[in-house]
Amino acid sequence: MMNDLHSRWTDQFSEYLDGSLGAEDRRAVEEHLAGCARCAAVLSDLRGVVDLARSLGDVPPARDLWPDIAARLWSSPEERPTEVIPLHTGHTGHRPQAEPRGVYMSRRQLAAAAVIVAMASAAATWALGPGIAVRPVGTPLPMPAAVSPAATEEGPPPAMADELAHLEATLNAARDRLDPTTVRILEKNLDVIDRAIQDSRKALATDPANPFLREHLDRAYQDKVDYLREAAGIAEWAG
Amino acid sequence: MVRTAGRVSQEILPTRLASPPSNGVKMGDGKPRNPGTWSVPAYAETSDVERAAGGDHDAFERLYREHVGRVHALALRMAGAEVAEDFTQEVFIRAWEKLRTFRGESRFGTWLHRLAVNHILSRRETMRKREARQVGSEGILDRVSAPPTRSSGLALDFEAAMERLPDGARQVFVLYDVEGYGHDDIAKAMGISVGTSKSQLHRARMLLRGHLNR
Amino acid sequence: MSVAILLTSLVVLGGPVRPDTTVTLRRGDRVQVRDLGGELEVRAWDRAEMEVTSEDRSAGNVTVSRNGSRVLLEPEGRKGRREDVVMTIRLPSWAALDVQGRELDVDISGTAGDVSVRNVSGDIRVQKTTGDLDLSSVEGEVTVTDARGSVRAHSRGDDVTLTRIVGDVDAGTGDGNVRLDGIDAASVSGETLDGDVYFAGSLMAGGRYSFSVHDGDATLVIPRASEAHVTVSTFDGEFSSDFPVTLQHYTGQGRFGFTLGKGNGAQVSVEVFDGEIRLRRGNGREGGE
Numbered sequence: 000m001m002n003d004l005h006s007r008w009t010d011q012f013s014e015y016l017d018g019s020l021g022a023e024d025r026r027a028v029e030e031h032l033a034g035c036a037r038c039a040a041v042l043s044d045l046r047g048v049v050d051l052a053r054s055l056g057d058v059p060p061a062r063d064l065w066p067d068i069a070a071r072l073w074s075s076p077e078e079r080p081t082e083v084i085p086l087h088t089g090h091t092g093h094r095p096q097a098e099p100r101g102v103y104m105s106r107r108q109l110a111a112a113a114v115i116v117a118m119a120s121a122a123a124t125w126a127l128g129p130g131i132a133v134r135p136v137g138t139p140l141p142m143p144a145a146v147s148p149a150a151t152e153e154g155p156p157p158a159m160a161d162e163l164a165h166l167e168a169t170l171n172a173a174r175d176r177l178d179p180t181t182v183r184i185l186e187k188n189l190d191v192i193d194r195a196i197q198d199s200r201k202a203l204a205t206d207p208a209n210p211f212l213r214e215h216l217d218r219a220y221q222d223k224v225d226y227l228r229e230a231a232g233i234a235e236w237a238g
Numbered sequence: 000m001v002r003t004a005g006r007v008s009q010e011i012l013p014t015r016l017a018s019p020p021s022n023g024v025k026m027g028d029g030k031p032r033n034p035g036t037w038s039v040p041a042y043a044e045t046s047d048v049e050r051a052a053g054g055d056h057d058a059f060e061r062l063y064r065e066h067v068g069r070v071h072a073l074a075l076r077m078a079g080a081e082v083a084e085d086f087t088q089e090v091f092i093r094a095w096e097k098l099r100t101f102r103g104e105s106r107f108g109t110w111l112h113r114l115a116v117n118h119i120l121s122r123r124e125t126m127r128k129r130e131a132r133q134v135g136s137e138g139i140l141d142r143v144s145a146p147p148t149r150s151s152g153l154a155l156d157f158e159a160a161m162e163r164l165p166d167g168a169r170q171v172f173v174l175y176d177v178e179g180y181g182h183d184d185i186a187k188a189m190g191i192s193v194g195t196s197k198s199q200l201h202r203a204r205m206l207l208r209g210h211l212n213r
Numbered sequence: 000m001s002v003a004i005l006l007t008s009l010v011v012l013g014g015p016v017r018p019d020t021t022v023t024l025r026r027g028d029r030v031q032v033r034d035l036g037g038e039l040e041v042r043a044w045d046r047a048e049m050e051v052t053s054e055d056r057s058a059g060n061v062t063v064s065r066n067g068s069r070v071l072l073e074p075e076g077r078k079g080r081r082e083d084v085v086m087t088i089r090l091p092s093w094a095a096l097d098v099q100g101r102e103l104d105v106d107i108s109g110t111a112g113d114v115s116v117r118n119v120s121g122d123i124r125v126q127k128t129t130g131d132l133d134l135s136s137v138e139g140e141v142t143v144t145d146a147r148g149s150v151r152a153h154s155r156g157d158d159v160t161l162t163r164i165v166g167d168v169d170a171g172t173g174d175g176n177v178r179l180d181g182i183d184a185a186s187v188s189g190e191t192l193d194g195d196v197y198f199a200g201s202l203m204a205g206g207r208y209s210f211s212v213h214d215g216d217a218t219l220v221i222p223r224a225s226e227a228h229v230t231v232s233t234f235d236g237e238f239s240s241d242f243p244v245t246l247q248h249y250t251g252q253g254r255f256g257f258t259l260g261k262g263n264g265a266q267v268s269v270e271v272f273d274g275e276i277r278l279r280r281g282n283g284r285e286g287g288e
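Residue numbers (numbering that gives the first Met the number 0), protein chains in the order written: chain A, 0 to 238; chain B, 0 to 213; chain C, 0 to 288.
Some hints could be false.
Unchecked claim - Result set (SDA-like, lysine to any residue): computed pairs, CA atoms no more than 20 Å apart in a straight line:
| no. | chain 1 | residue 1 | chain 2 | residue 2 |
| --- | --- | --- | --- | --- |
| 1 | B | 97 | A | 73 |
| 2 | B | 97 | B | 64 |
| 3 | B | 197 | A | 73 |
| 4 | C | 127 | C | 69 |
| 5 | B | 197 | A | 187 |
| 6 | A | 201 | A | 182 |
| 7 | C | 261 | C | 185 |
| 8 | B | 97 | C | 167 |
| 9 | C | 261 | C | 222 |
| 10 | B | 197 | A | 50 |
| 11 | C | 127 | C | 83 |
| 12 | A | 187 | A | 205 |
| 13 | B | 97 | A | 72 |
| 14 | B | 197 | A | 21 |
| 15 | C | 127 | C | 109 |
| 16 | B | 197 | A | 20 |
| 17 | B | 197 | A | 213 |
| 18 | B | 97 | A | 67 |
| 19 | A | 187 | B | 96 |
| 20 | C | 261 | C | 247 |
What the hints assert, rightly or not - Computed far set for chain B versus chain A, every beta-carbon distance over 12 Å:
| no. | residue |
| --- | --- |
| 21 | 69 |
| 22 | 88 |
| 23 | 165 |
| 24 | 189 |
| 25 | 200 |
Stated by the list, open to error - Short, incomplete list of chain A residues facing chain C, as computed with Cβ under 7 Å:
| no. | residue |
| --- | --- |
| 26 | 177 |
| 27 | 179 |
| 28 | 181 |
| 29 | 182 |
| 30 | 188 |
| 31 | 191 |
| 32 | 195 |
| 33 | 205 |
Calculated directly from the structure, the hints in this document are not laboratory data. From the three backbone atoms N, C-alpha and C, an ideal C-beta is built for every residue, glycine too.
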């Protein structure tokens, strides 16, 4: 291991090699290098590492992956691929026109209620649900009126709130008995759920009447309850 | 985080690793580093890209054959042999699905490469966890300075040593030193600071230097 | 019978079972493995005995005791220092198995009884089974291949991969991908918060198939002639389909429904908060990767 005296210099060597060291630091490094064979050797090694990395070439896989890729993309060889139809207005991609095969709805279209219906061929028949007007591709549609207002309540459903609080308290109490790795694992996975809850809450704040978001948030809370129950169980037997 | 930067920019992929590889030594100097990848005549590749985008399987297979070595090498170095073939397959599947977003502003190879980098990075969390479990409490230095498992030549030893680098350092090293991306791009793509990218690079180089003296 | 005598003495003495020891099991017995770390391999055989072996003799640190129909394997000195084991258990295929581990990699093959595994970290791998499976690892990967019977497979921090399953499936993870490939079931549920869900399988008349992703993509590969009513919900996602889609209802805010075929078959629900939803034609059996 490099001792502190030298690592003060060697820590700068990567930036020195990459030319991103300031002029003053650069001069200082060069002065030190002139009088320190040990550091000069380190720098030379690092230069060798960089050169070797740059010389590395392609590595083809040991077996041909194409049959698997083709099978995953197109389950039978004669099957035509899905062609996604871009339905955005103002799509400027220069791809050649392809025969439309399926349906594609972008985020914006889904969010803006631009309902698109698919086709089996270029001579597609467009079929829309009751109450939704047929529009040419790419024309934005008005928001459907039938949106039931729902209360924006961002906390957990009341039925879950008590249990969540209880489980969190149980786990906190068990913390000291659990080994640190288990605690870290439990907390890390709890973070994933909490992030999903945060996402859903934020989304719901922007669109409070959206029943999907309400359900999605409830589902995330339910997931948290399930997880905390599981964690409390683990705390019992792994404690 | 309703829309994470990562997910959205994956939709418009080139913005995630936006600028072209900035290490002029390799890609910017016009010298073909990977002849298999770069010697494809531009006109032939362009028409294959268009054909593939129009649904031509054979054209997409030609693109696969031209580029698989580079994508696989990237997956191998960034993620390891265990998952390299899987990731390579996933990259090409994703490429097929995303061809509509390729607008010809960059070369197909560059676009595909960025798509590959982004895909591999997006899977890195899973890899990291797996690695953490398998490696257990073995120290990082022990891992890197352990005797190489393959001994047929310096490059192979070096590849093996790279494979034992800690996750973050390895990815920064591969992206910077092997693939030629700049710290700004790497930091953005990996969601780390430029300073972290620089220190990870230095850490990787220092850990690897021992392998030159064997 | 010598084995019975041995077992009795174990119960009395509570001493460790030496490696390569066998214990007679009766139908209805449930083998319970508790609180182990390391690697555990479980294999079925055609004898009515349980054999515990380890190459490194770590099974010597495990005690076996019987309480009614429960046969319990646990570390010696349960609350004391825990040694990891590298252990193989051979069981009659009909025995039920119940494993609770800490950092334990579990590999089970060929069993026909019900199997339950709970793990904090460590992977769970199960293949060629015919009993019902209930598997969960907080921080490990769960993989099941070639199983007949219902499968409940959950992780919190890693991938869940089920391939060639005949039986109902309930699979989920918090942070990882759920891949369900070659599934033949009337009830399927796949869920992840951060990752992708992939389903390839057939849709049965009257079956229910629900998939939920918070941040990631959902891909369904189903046969060309599928009959189903499909409901799609998304907050900030995209939808694409190989199938002709005839809209049945649209409720606004990224939720709509349509039918495939005559629609009088299965109920399919796909929810993606942020990501892509893809409906693809396939034979529903891509397995064997």
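So, going through the hints one by one against the coordinates:
| no. | hint | result |
| --- | --- | --- |
| 1 | B/97 x A/73 | holds (15 Å) |
| 2 | B/97 x B/64 | holds (18 Å) |
| 3 | B/197 x A/73 | violated (43 Å) |
| 4 | C/127 x C/69 | violated (24 Å) |
| 5 | B/197 x A/187 | violated (27 Å) |
| 6 | A/201 x A/182 | violated (28 Å) |
| 7 | C/261 x C/185 | holds (18 Å) |
| 8 | B/97 x C/167 | violated (33 Å) |
| 9 | C/261 x C/222 | holds (14 Å) |
| 10 | B/197 x A/50 | holds (18 Å) |
| 11 | C/127 x C/83 | violated (27 Å) |
| 12 | A/187 x A/205 | violated (28 Å) |
| 13 | B/97 x A/72 | holds (13 Å) |
| 14 | B/197 x A/21 | holds (15 Å) |
| 15 | C/127 x C/109 | holds (5 Å) |
| 16 | B/197 x A/20 | holds (12 Å) |
| 17 | B/197 x A/213 | violated (43 Å) |
| 18 | B/97 x A/67 | holds (18 Å) |
| 19 | A/187 x B/96 | violated (32 Å) |
| 20 | C/261 x C/247 | holds (12 Å) |
| 21 | 69 | violated (5 Å) |
| 22 | 88 | violated (5 Å) |
| 23 | 165 | holds (16 Å) |
| 24 | 189 | holds (17 Å) |
| 25 | 200 | violated (6 Å) |
| 26 | 177 | violated (9 Å) |
| 27 | 179 | violated (12 Å) |
| 28 | 181 | holds (6 Å) |
| 29 | 182 | violated (11 Å) |
| 30 | 188 | holds (4 Å) |
| 31 | 191 | holds (4 Å) |
| 32 | 195 | holds (5 Å) |
| 33 | 205 | violated (10 Å) |
Hint compliance for this structure: hints 3, 4, 5, 6, 8, 11, 12, 17, 19, 21, 22, 25, 26, 27, 29, 33 are broken, all remaining hints hold.
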